[in-house]
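Visitor: In case you want the letters, here they are:
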Amino acid sequence: MLQRLRPDRRHIMKILGGVVAGLMTLAIAWAPVLAQGKGGTLRIGMTAADIAYTAGIPDQGFEGYRFVGYQLYDALVRWDLSQGERLPDIAPALAESWELDKNDVHRWVFKLRRGVKFHDGSDFNADAVIWNWDKIRNKEAPQYDTKQAGEVAPRLTTIKSYKKIDDYAVEFTTTQPSSFVLFQLIYVLYSSPAQWDKVGKDWRAFAANPSGTGPFKMTRFVPRERAEYEPNKEYWDKIRVPKVDKVVLLPMPEPTTRLAALRTGQVDWIEVPPPDAIPLLKQSGFQIALRSYPHVWPHSLNLKQAPWDNKLVRQAANYAIDREGICKSLLNDTCIPATGVVYPGHPWFGKPAFTYTYDVKKAKELMKQAGFEGKRVKTSFLISTSGSGQMLPLPMNEFVQENLREIGIDVELLPIEWNTLTSWVRKGFAEEHEKTGAMNVSFNFLEPFSAFVRFFHSASVPPKSLNIMYYINPEADKLIEAAQAAFDPKERDALLGKLHAMVVEDAPWLFVVHDLNPRALSPKVKGFVQPQSWFVDLTLPWMEP
Amino acid sequence: MWSYILRRLFFGIPTLLGVTIIVFTLLYLAPGDPISAMVPSDAPLEVVQMIRQQMGLDKPLPVQYWRWLTRVAHGDLGNSLATRRPVLNEIRAALGNTFLLAVSAAFIGFTMGVVLGTTAAFFQGRWVDKVASAVAITGVSLPHYWVGIMLIIVFSVTLNWLPAMGMQETSGGSSLWTLLRHMLLPSIALALIPMGVITRMVRASVLEILQQDFVLTLRAKGLWSRTVTRHVMKNAAPPVLTLMGLQFGYLLGGSVLVETVFSWPGSGFLLNLAIFQRDIPMLQGVILVLATFFVILNLMVDILHSLIDPRIRRT
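Protein chains in written order, with numbering that gives the first Met the number 0: chain A, 0 to 544; chain B, 0 to 314.
Derived from the structure by calculation, the hints contain no laboratory data.
Take the hints with a grain of salt, since some may be wrong.
Unchecked claim - What follows is a set of in silico ranges between Cβ atoms, one per label pair, in the way DEER data are often shown:
1) 66(B) with 356(A): 56 to 64 angstroms
2) 100(A) with 44(B): 25 to 33 angstroms
3) 332(A) with 176(B): 36 to 44 angstroms
4) 120(A) with 25(B): 47 to 55 angstroms
Bear in mind the structure is a predicted one, so any value in this text is a computation, not a measurement.
Cβ coordinates follow ideal geometry from the N, Cα and C atoms, glycine included.
Let the sequences and hints guide you as you build the complete structure.
Guide: Following this line, the structure appears as structure tokens:
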């Protein structure tokens, strides 16, 4: 008699377990292959007029990092740009882990990732790290590059020294206890020492044939015309092997040209489409990506001169600005009102006692308290005619001028060319601009140093950094120093929140708007994530055939 | 003739020196700082100072100019402050691209200009003259960057016949056909001004010749109108040729606006970028090369004059 086979439950679970484990192993093994399977050529119209410096640490600010630096190179840590719902976290990259020395809070030890190779096939190790730090810090080293040093130096103010511990461990010391170390190291990108030797120990030749450890390799470079990348198939992070087959970067400084190129299908992605074209692009089926990111468009006020030496006037001016109006009528909802340095919901926003809504009545009341009832006050704003991150400076400033006129502040606008304005920002309110009332330059607030230290610490006055307002507040200094020394992220964020609330109340800036980082993409671009960041992860998107 | 050419070339040197001195001085009088375009505005002072020293920007103006001139005398235009690439290589690539546009724009503009101008003169006062003059005035009056944008809207965005920007396929492919397709719209935009200017000059010049006695004599002798036209054109040519030489020089300088609108990587695009970056060696290099072209073009026009009009003797 045939006996019916009835496997017991344990046996079934064993088989199922085996199948699941097998599938998982297969999935892990095939992940890079699956990731590469989507393909296509992604063509990007950038706002820059040239391709950024390709030898390592790029020029052209964050657009340089966005499209060149973080694509060809890696840092010890990286921004995790795979989601857009919250601010990006810092994730391990060329360093697998790091530790603060418990006995010496000035000393950090970084364990390097093993098995990482530069695009030229040479190994990444502690020697490469030290060589790269010499490239930006050691003026006697043959590889010292003033261009890369100049670009990154303002971001590395507290890093005192660097040393190799063994082949896969390095240490950094800081000038003071600093919880901002990771935010600083994220800007140092590692170029291949072997490639530098190979191209004749020349950074110019290196820039033409770059070699980093990043997810893309550069295959073609035509100055002012294009850069082409192919995926680095041996990338150490198998999940981040690029999905596209090719990326083409095209400099297109003229907004109408970018728009036409997108609409005619010459490119698949453009940065900063003209705001008035956005409804039409949406109607035509293009994807419009908008999201808050650490950008602020303020006026840095001259606190040494009347009327801005009076806190009540500064607060009144902040209440007089119709930020919603600017975003709706001028910028087609590509910005949000700025009521502080950072936007509401940001971990450093805190609980400011003042929320600068559009309230002309309150503004007039504050002007009255300041002793300006029935009087007209004259001031001047130094503004640019265009510029990176400056949005639409002329109409926006005219809008602000009109708003301030309502409460008795007559602003004379002094428009100058962008390069000239940035050279004035370095000097601050001096020489012929000693009595100028404000300078209008947009800023990032990516990390605590960029957001607070360089603007609101008393040691950051010109020519050292960007406290051009001469905002001197010992309480703010204390909070900045405490935040820098707080190694618990929650404690640090709480201190920065308190500092932010204080800055909002003292109003050394006119807080105007935060840009929403608009970009337009063809419907064929799939998998793109718009993060709350100045940067993007180009390993994520692919092209639909 | 050869001694004339050599003398003219020799006299071109002070012109070029004058141009470079003016540009150098203007750049320093203009507000702004090349360092501001090179490093972030909060870069430490010592780094800024080091870059300034390394680039020689800390030296007095005459010293900087002399150093630059000495290098140029050795055939070295230096490196770009912004990109560090050799200026000569950059100019060579950009001028090559602009040359393509200049030749095609000159071909369109000069041909149209001569045809319209001659027709207008021969039919003076009639509707053909009025239409030709209207076309010429429109060509001169319309801002060519605006025409460029209009051409893009009509032929690229709406009709999708021609590409809107660049000089090759954005995905990387290139061929002669692709290049011609990319060249057409910027060439038309650039050709409008030379077309207008030349139409008006040809019309005036031909009218002047038509009123001369020898034309009446030729007609009285019963010569064919084609032969009369040939004699008229030959006599009207010298001033038109001078103008064409100058116009071609302007075209070689590239149009900053048209090249920017079409993202055409030529000398105008390069000049624009160099101005915003205060890239002094690049600006000096581009302007020196363009000024040299002007000197040579003027010389060529003069030589052509003497070939066309034997009355002009160059000794």
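Visitor: Determine which of the earlier numbered hints do not hold for this structure and return their numbers in increasing order.
Guide: none
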